[in-house]
Amino acid sequence: MDFEFVKEKWKNQKEYNSSKSATYKLLYYCFEVPSLILGIITPVIIPFTNNKYTLIPIITSATAALLKAISTFFGFHKKWVVCRNLTEAYKIEQLNYMAGIKGYANLPEEKRKEKFASAISDLISLGNSQWLESEEKKIEEESLEKGSKNES
Numbered sequence: 005m006d007f008e009f010v011k012e013k014w015k016n017q018k019e020y021n022s023s024k025s026a027t028y029k030l031l032y033y034c035f036e037v038p039s040l041i042l043g044i045i046t047p048v049i050i051p052f053t054n055n056k057y058t059l060i061p062i063i064t065s066a067t068a069a070l071l072k073a074i075s076t077f078f079g080f081h082k083k084w085v086v087c088r089n090l091t092e093a094y095k096i097e098q099l100n101y102m103a104g105i106k107g108y109a110n111l112p113e114e115k116r117k118e119k120f121a122s123a124i125s126d127l128i129s130l131g132n133s134q135w136l137e138s139e140e141k142k143i144e145e146e147s148l149e150k151g152s153k154n155e156s
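Each residue of the sequence shown is one higher than the last, beginning at 5 in this note's numbering.
Because the hints were derived from the structure by calculation, they are not lab data.
One or more hints might be untrue.
Quick list of in silico lysine-lysine cross-link-like pairs, BS3-like style, CA-CA up to 27 Å [to be verified]:
{"no.": "1", "residue 1": "K24", "residue 2": "K13"}
{"no.": "2", "residue 1": "K24", "residue 2": "K115"}
{"no.": "3", "residue 1": "K18", "residue 2": "K83"}
{"no.": "4", "residue 1": "K15", "residue 2": "K83"}
{"no.": "5", "residue 1": "K95", "residue 2": "K13"}
Sequences are here, hints too, so could you generate the full structure?
Right, dumping it as structure tokens:
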């Protein structure tokens, strides 16, 4: 087994998940913070609107709802957490390997490399299954929504 390939795969996966985590965190905050602010100010501005400005609270509440719906639909928070957890798992696995602790203690170098390669493979599989699970859940929720709309 080429251990350089394993180290390269580990590095690529760690960087990919770290980058995706940062992107999903940014998207989550870009949608949730304005939604939160609009949700808070809407009831505050209602008493101050006269007939001329009655659309303002309607627009702010609709915008808040839309932002929240988009954030929920695309699952920015869940994807952020999954990618962040995977990034940390890759880091921890590397630390365990380099320090020779946890399952790497008292193993010959070749066995340590095999164990590291297996752990990285397991983490990649975990990431793939979590992504697939979230996509299947989204599809299931969409079909339930369509079914409930068809019933009404």
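Each hint, compared with the structure:
Using a Cα cut-off of 27 Å, the hinted pair K24 and K13 holds, with the two alpha carbons roughly 16 Å apart. Our distance criterion of 27 Å between C-alpha atoms is broken by K24 and K115, whose separation comes to about 32 Å. Simply put, K18 and K83 have alpha-carbon atoms about 15 Å apart, close enough for the 27 Å limit, and the pair holds. The suggested pairing of K15 with K83 holds, with an alpha-carbon distance near 20 Å, which does not exceed 27 Å.
Among the hinted pairs, K95 with K13 is consistent with the structure: their alpha-carbon atoms are about 13 Å apart, no more than 27 Å.
The structure does not agree with numbered hint 2 stated previously, though it agrees with all others.
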